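Q: As you go down the protein sequences, you meet chains W and V in turn.
Sequence positions in the first sequence follow numbering that gives the first Met the number 0 and run 0 to 304.
Sequence positions in the second sequence follow numbering that gives the first Met the number 0 and run 0 to 290.
Hints are not guaranteed to be accurate.
Below, in silico cross-link-like pairs of lysine-lysine (BS3-like), each with a Cα-Cα straight-line distance of 27 Å or less [stated by the list, open to error]:
no.	chain 1	residue 1	chain 2	residue 2
1	V	Lys95	W	Lys113
2	V	Lys95	W	Lys225
3	W	Lys134	V	Lys264
Computed footprint of chain W on chain V, listed as stretches where at least three residues anywhere in the stretch have a Cβ under 8 Å from a Cβ of chain W [to be verified]:
no.	stretch
4	94–105
5	176–184
Calculated Cβ distances over 10 Å to all of chain W for the following chain V residues [as the list claims (entries may be wrong)]:
no.	residue
6	Arg7
7	Leu18
8	Glu37
9	Gly38
10	Tyr60
11	Ser64
12	Leu88
13	Glu151
14	Lys159
15	Lys190
16	Asp225
17	Pro231
18	Phe237
Derived from the structure by calculation, the hints contain no laboratory data.
Since the model is a prediction, treat every value here as computed from it, not as a measurement.
Think of the CB as a built atom: it goes at the ideal place given N, C-alpha and C, for glycine as much as any other residue.
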Amino acid sequence: MILEENEMKIEALEQELLTLNPTDEAYEEKKKELKQLKLDTYSNLTPWDRVCIARSDKRIKARTLISHLFTEFYELHGDQYYADDAAIISGLGYLGDIPVTVLAQAKGSDTAEKIKRNFGMTSPEGFRKTLRLAKEAEKFHRPIICIVDTSGAYPGKGAEERGQARAIAENLMEFSKLKTPVISIVLSEGGSGGALALTVSDYIYMFENAVYSVLSPEGFSSILFKGAIKPEEAVNYMKMTSHDLKNYGIVDEIIKEPLGGLRYVSLEYASNLKEILIKKVEELSSTDETTLLENRYQKYRCIGQ
Amino acid sequence: MSNSFDKRKEELREFNSALENLQVRKPEIQSKPIDIPEGFLVVCPHCGKTLVSEEYTSALYVCPSCGHHARLHAKERLREVMDEGYEVLFTDMEEKHLDFPDYQNKLAKAKEASGDDESIICVDGKINGIKALVGVMDSYFMMGSMGSICGERVALLAEKALKEHKPLILFTCSGGARMQEGVISLFQMAKTSEAIGRLKDKELYISVLTDPTTGGVSASFASLADITLAEPKALIGFAGKRVIEQTIKETLPKDFQSAEFLLNKGYVDSIVERKDMKKTLSLLLKLHNYR
Numbered sequence: 000m001i002l003e004e005n006e007m008k009i010e011a012l013e014q015e016l017l018t019l020n021p022t023d024e025a026y027e028e029k030k031k032e033l034k035q036l037k038l039d040t041y042s043n044l045t046p047w048d049r050v051c052i053a054r055s056d057k058r059i060k061a062r063t064l065i066s067h068l069f070t071e072f073y074e075l076h077g078d079q080y081y082a083d084d085a086a087i088i089s090g091l092g093y094l095g096d097i098p099v100t101v102l103a104q105a106k107g108s109d110t111a112e113k114i115k116r117n118f119g120m121t122s123p124e125g126f127r128k129t130l131r132l133a134k135e136a137e138k139f140h141r142p143i144i145c146i147v148d149t150s151g152a153y154p155g156k157g158a159e160e161r162g163q164a165r166a167i168a169e170n171l172m173e174f175s176k177l178k179t180p181v182i183s184i185v186l187s188e189g190g191s192g193g194a195l196a197l198t199v200s201d202y203i204y205m206f207e208n209a210v211y212s213v214l215s216p217e218g219f220s221s222i223l224f225k226g227a228i229k230p231e232e233a234v235n236y237m238k239m240t241s242h243d244l245k246n247y248g249i250v251d252e253i254i255k256e257p258l259g260g261l262r263y264v265s266l267e268y269a270s271n272l273k274e275i276l277i278k279k280v281e282e283l284s285s286t287d288e289t290t291l292l293e294n295r296y297q298k299y300r301c302i303g304q
Numbered sequence: 000m001s002n003s004f005d006k007r008k009e010e011l012r013e014f015n016s017a018l019e020n021l022q023v024r025k026p027e028i029q030s031k032p033i034d035i036p037e038g039f040l041v042v043c044p045h046c047g048k049t050l051v052s053e054e055y056t057s058a059l060y061v062c063p064s065c066g067h068h069a070r071l072h073a074k075e076r077l078r079e080v081m082d083e084g085y086e087v088l089f090t091d092m093e094e095k096h097l098d099f100p101d102y103q104n105k106l107a108k109a110k111e112a113s114g115d116d117e118s119i120i121c122v123d124g125k126i127n128g129i130k131a132l133v134g135v136m137d138s139y140f141m142m143g144s145m146g147s148i149c150g151e152r153v154a155l156l157a158e159k160a161l162k163e164h165k166p167l168i169l170f171t172c173s174g175g176a177r178m179q180e181g182v183i184s185l186f187q188m189a190k191t192s193e194a195i196g197r198l199k200d201k202e203l204y205i206s207v208l209t210d211p212t213t214g215g216v217s218a219s220f221a222s223l224a225d226i227t228l229a230e231p232k233a234l235i236g237f238a239g240k241r242v243i244e245q246t247i248k249e250t251l252p253k254d255f256q257s258a259e260f261l262l263n264k265g266y267v268d269s270i271v272e273r274k275d276m277k278k279t280l281s282l283l284l285k286l287h288n289y290r
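Just need the whole structure built from these sequences, with the hints factored in.
A: Quick look at the structure:
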């Protein structure tokens, strides 16, 4: 709640700053005040704050991240069996001068896009689309970059009829065997099996304010606490922040975000991020296939031991 | 006045003592007709018909009246399919990830309720004389939920099958990932699936989906078999029926997510009644040249 109030104050201050002349005395004062408020607001975030930041409409979505990281991105549609799931954006592009395959879970930015993309909830066709394109990437030994952002796989009638469970399971199994480097970037929300289906990879990045969990805080509070405590409190038991996942050894590296969360991508930020990714892709691409696959296997084999 | 009270009291005393005598004699009169030992009769949980316990047990908890397949304890399942003399595997595993409030207490209760040490029991044995590695989940153990030990056992069993060139059979029943272990339980889906992936390159894997197989277990090893069997009427699916109804704002058909529904949708290979399970499995193993 404090986060919400402070964010409103921050917005008001930002608006106020726009009306002031930079030469005014008040300008510098307000600027200082804004900086301090931002620092106070964002340096001690609770897990629930992070859930709110991760879900925020203002946070960038996969489409924006793709446009900043990859050049000449060419989208490819459809699972070649049934339909094209717009909750997944997939295609080919360049990371620096390396051709890569991009598989991304996409939520919309505005209402129309949200509806088109089914609020980022992947259907079986979406998972099958990622799998067929992953296989295509494997054929050319092209690295794969997965971007994870979903509240979960779509719980719909048709999704069940067309084998949602098997679509997820097959991704888990097949991605563990892909003979090409795979990197996952958890952008915002990592919800349950739907997110996991794009998180079987050689190296997992997670944005600082992203969250990852076995089910939503709302589900957690109603199932495990029978509603006795609110989702805001339930998250404290869920260990779902990037730091928690790093501690578990599941996430390999946390990507720092600008103060206030990832609401826009500056040129400098994008180029740093690109740099990091290129290095990792080059490292993984030079690893011999047997080692790559064995390391990937062991990465997941160890979890929970 | 007091006389009549005393008289009344005397009459009452006589009546009460006569009644006591009567109560003492009562069992003697009625003992024979109601001499049914405790637990002699049970009631089918589906149709409510009264059944003779011994017959119900020897029919592997399938109701002779309505054909309902009741949920089985792991040990009963093993009695159903395994030859005598199997070995229970991976029994000395340390419990971890126990931080969640009341989790240890829940585990202790589950152990008592199921008689098992976890939601899956793995064995090395024979089915009609054919060697096989078999894992059996128990819905009486925290709804068969998959935590770190369950995931580890499935992975170990798959790796053992690969190493020893044996077929793998898993009987699944689960509400999904074990929420108390949080994200660790979620990643057991990845762990079990990759182990199954390696096994499937070389050996046969059969899964038998029993009531209920849902959530993280259906979305991992349960759905990755070469041959997928199911028990009649078993509930099989990914999302819960209520969640789907709330999402799509429609009432779902009654048979939605039933084994029969999924056979129709092409999700399972065959529905096998409990009485035929052992011979079906041994036939399939034989057809794959296992002996």
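Q: Each hint should be assessed against the structure and marked as holding or not.
A: Taking the hints in turn, this is what the structure says about them:
no., hint, verdict
1, V/Lys95 - W/Lys113, "violated (40 Å)"
2, V/Lys95 - W/Lys225, "holds (24 Å)"
3, W/Lys134 - V/Lys264, "holds (26 Å)"
4, 94–105, "holds (count 4)"
5, 176–184, "holds (count 8)"
6, Arg7, "holds (58 Å)"
7, Leu18, "holds (50 Å)"
8, Glu37, "holds (34 Å)"
9, Gly38, "holds (33 Å)"
10, Tyr60, "holds (26 Å)"
11, Ser64, "holds (31 Å)"
12, Leu88, "holds (17 Å)"
13, Glu151, "violated (6 Å)"
14, Lys159, "holds (14 Å)"
15, Lys190, "violated (5 Å)"
16, Asp225, "holds (12 Å)"
17, Pro231, "holds (19 Å)"
18, Phe237, "violated (4 Å)"
Checked against the numbered hints listed earlier, the structure breaks hints 1, 13, 15, 18; every other hint is satisfied.
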